[in-house]
Amino acid sequence: MSRTVTLYFSDAQAERLERFARDHNADIAETGVRLIDEALRLADHPDIEIRDSAVGRQAYVRGSTLAVWEVAMLARERQHDVETTAAYLGWPVARVQAVLRYAAAYPEEIDTALRENETFDAAALRRLLPQTQVVDIPMADSS
Amino acid sequence: MRLLLDEHFSEQDAAQVRLQVPSIDIVSLHLWAGGSLLGQDDAAILAEASQQGRALVTRDVRTIAPLLRTLAESGVSHGGVIFLDHRAIPEGNTGALVRALSALWHEERESDWTDRVLFLQPRDPV
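These protein sequences, in sequence, are chains U and P. The first sequence maps to residues 24 to 166 in my numbering. The second sequence maps to residues 48 to 173 in my numbering.
To be clear, the hints were calculated from the coordinates, so they are not data collected in a lab. On a predicted model such as this, the values are computed, not experimentally measured, just so you know. Every residue, glycine too, gets a C-beta built ideally from N, C-alpha and C. Certain hints may be false.
[What the hints assert, rightly or not] Listing some non-contacts, in silico: residues in chain U with all C-beta distances to chain P over 10 angstroms: (1) Phe32; (2) Gln36; (3) Asn48; (4) Glu53; (5) Gly55; (6) Ile59; (7) Ala66; (8) Asp67; (9) Arg74; (10) Ala77; (11) Gln81; (12) Arg85; (13) Ala90; (14) Glu93; (15) Gly113; (16) Arg118.
[Stated by the list, open to error] Derived contacts from chain P toward chain U, CB cut-off under 7 angstroms, selection only: (17) Glu54; (18) Asp72; (19) Val74; (20) Ala80; (21) Gly81; (22) Ser83; (23) Gly86; (24) Ala143; (25) Phe166; (26) Arg170.
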């Protein structure tokens, strides 16, 4: 479902929006909707910011290089134990909680990113970067 | 061979590798340059790592691999990237990573890592 909402921009704002859309090879209406959606997300989740990346705009932890899905990956590996995840990263527990709140609010976005990362095996990587050297590592005696 | 651990690794992981190989030059992004690069985008991290001759060790194949492709198409070099298959860290256990980096250092410490890409994957199914 979608709804039509009429918004009025100043000339300067409209020009900036057009430029942003051009820079991202996107339609101006689609860009406007996306940016408003991002602003609403950030209002609800002040510890998150949306940045450009090689795979498009994605949610990152403010003041960190980590995308939200990376923190979700670490938490999942620790059975969603927030304190253990925070200790591993050397972060305050509240910061991890804030990131996981965003992940819980947008599960499809985060699950898709996790799935995409996990499906990158050696063959997929070589298709993208043919020079990739594959090294097998022994898993026995994990400690 | 100088290594930079991505931020999704703990500083403890870097310490564990140093424990195995005291002479290795490895640092985590948490502490690198006093943490001043936290919050920078991946391209900036790779550029700074390249300037310092460090290879980035990362589990983020999804974002970094397409970035490397873009850099290559633009003729921009990097200091090397070591990707880690997600299956190599079962339940958050980084023991295999520590051993793999230690072994890699013994074999490749004198190698030129410019523009090299490695993918570390588990030998045995886990």
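Results for each hint:
1. Against the 10 angstroms criterion, Phe32/U stays outside the reach of chain P, whose nearest CB is about 28 angstroms from its own CB.
2. Non-interface call for Gln36/U relative to chain P: holds, since the shortest CB-CB distance, roughly 25 angstroms, exceeds 10 angstroms.
3. With a least CB separation of 14 angstroms from chain P, Asn48/U remains clear of the 10 angstroms interface cut-off, as annotated.
4. The non-interface label for Glu53/U is consistent with chain P: the shortest C-beta to C-beta separation is roughly 21 angstroms, beyond 10 angstroms.
5. Annotated as non-interface, Gly55/U keeps its C-beta farther than 10 angstroms from every C-beta of chain P; the closest such distance is 24 angstroms.
6. Distance check on Ile59/U: its Cβ is at least 23 angstroms (rounded) from any Cβ of chain P, clearing the 10 angstroms threshold; non-interface status holds.
7. Ala66/U, annotated as away from the interface, keeps every beta carbon of chain P farther than 10 angstroms; the closest lies near 20 angstroms.
8. Look at Asp67/U: its CB is around 20 angstroms from the nearest CB on chain P, clear of 10 angstroms, so calling it non-interface holds up.
9. A beta-carbon of chain P comes within 10 angstroms of the beta-carbon of Arg74/U; the shortest separation is about 6 angstroms.
10. At roughly 4 angstroms, the least C-beta separation between Ala77/U and chain P is not larger than 10 angstroms, which violates its mark as non-interface.
11. The Cβ of Gln81/U sits about 8 angstroms from the closest Cβ of chain P, inside the 10 angstroms cut-off, so the non-interface label is violated.
12. Residue-level check failed: Arg85/U sits 7 angstroms from the nearest beta carbon of chain P, not beyond 10 angstroms.
13. With a minimum CB-CB distance of about 7 angstroms to chain P, Ala90/U fails to clear the 10 angstroms threshold, and the non-interface call is violated.
14. At roughly 5 angstroms, the least C-beta separation between Glu93/U and chain P is not larger than 10 angstroms, which violates its mark as non-interface.
15. Consistency note on Gly113/U: stated as away from chain P, yet its beta-carbon is not over 10 angstroms from all of that chain's, at 6 angstroms minimum.
16. Chain P leaves Arg118/U outside its interface by the beta-carbon criterion, the shortest separation being 12 angstroms against a cut-off of 10 angstroms.
17. Interface restraint check for Glu54/P: the shortest CB-CB distance to chain U comes to about 5 angstroms, inside 7 angstroms, so the restraint holds.
18. Among the interface hints, the one on Asp72/P is violated; its C-beta lies about 20 angstroms from the nearest C-beta in chain U, farther than the 7 angstroms criterion.
19. Checking Val74/P against chain U: minimum C-beta separation of about 14 angstroms lies over 7 angstroms; hint violated.
20. With 7 angstroms as the threshold, the beta carbon of Ala80/P stays out of range of chain U, its nearest partner Cβ sitting at about 12 angstroms, so the hint is violated.
21. Given the 7 angstroms rule on beta carbons, the hint for Gly81/P is violated: about 14 angstroms separates it from the nearest Cβ of chain U.
22. Here the hint on Ser83/P is broken, as its CB sits about 11 angstroms from the closest CB of chain U, past 7 angstroms.
23. This hint holds: Gly86/P has a C-beta 5 angstroms from the nearest C-beta of chain U, less than the 7 angstroms allowed.
24. Hint status for Ala143/P relative to chain U: holds, with the closest Cβ pair at about 5 angstroms, below 7 angstroms.
25. With 7 angstroms as the threshold, the beta carbon of Phe166/P comes within range of chain U, its nearest partner Cβ sitting at about 5 angstroms, so the hint holds.
26. Checking Arg170/P against chain U: minimum C-beta separation of about 4 angstroms stays under 7 angstroms; hint holds.
Hints 9, 10, 11, 12, 13, 14, 15, 18, 19, 20, 21, 22 from the earlier list are contradicted by this structure; the remaining hints agree with it.
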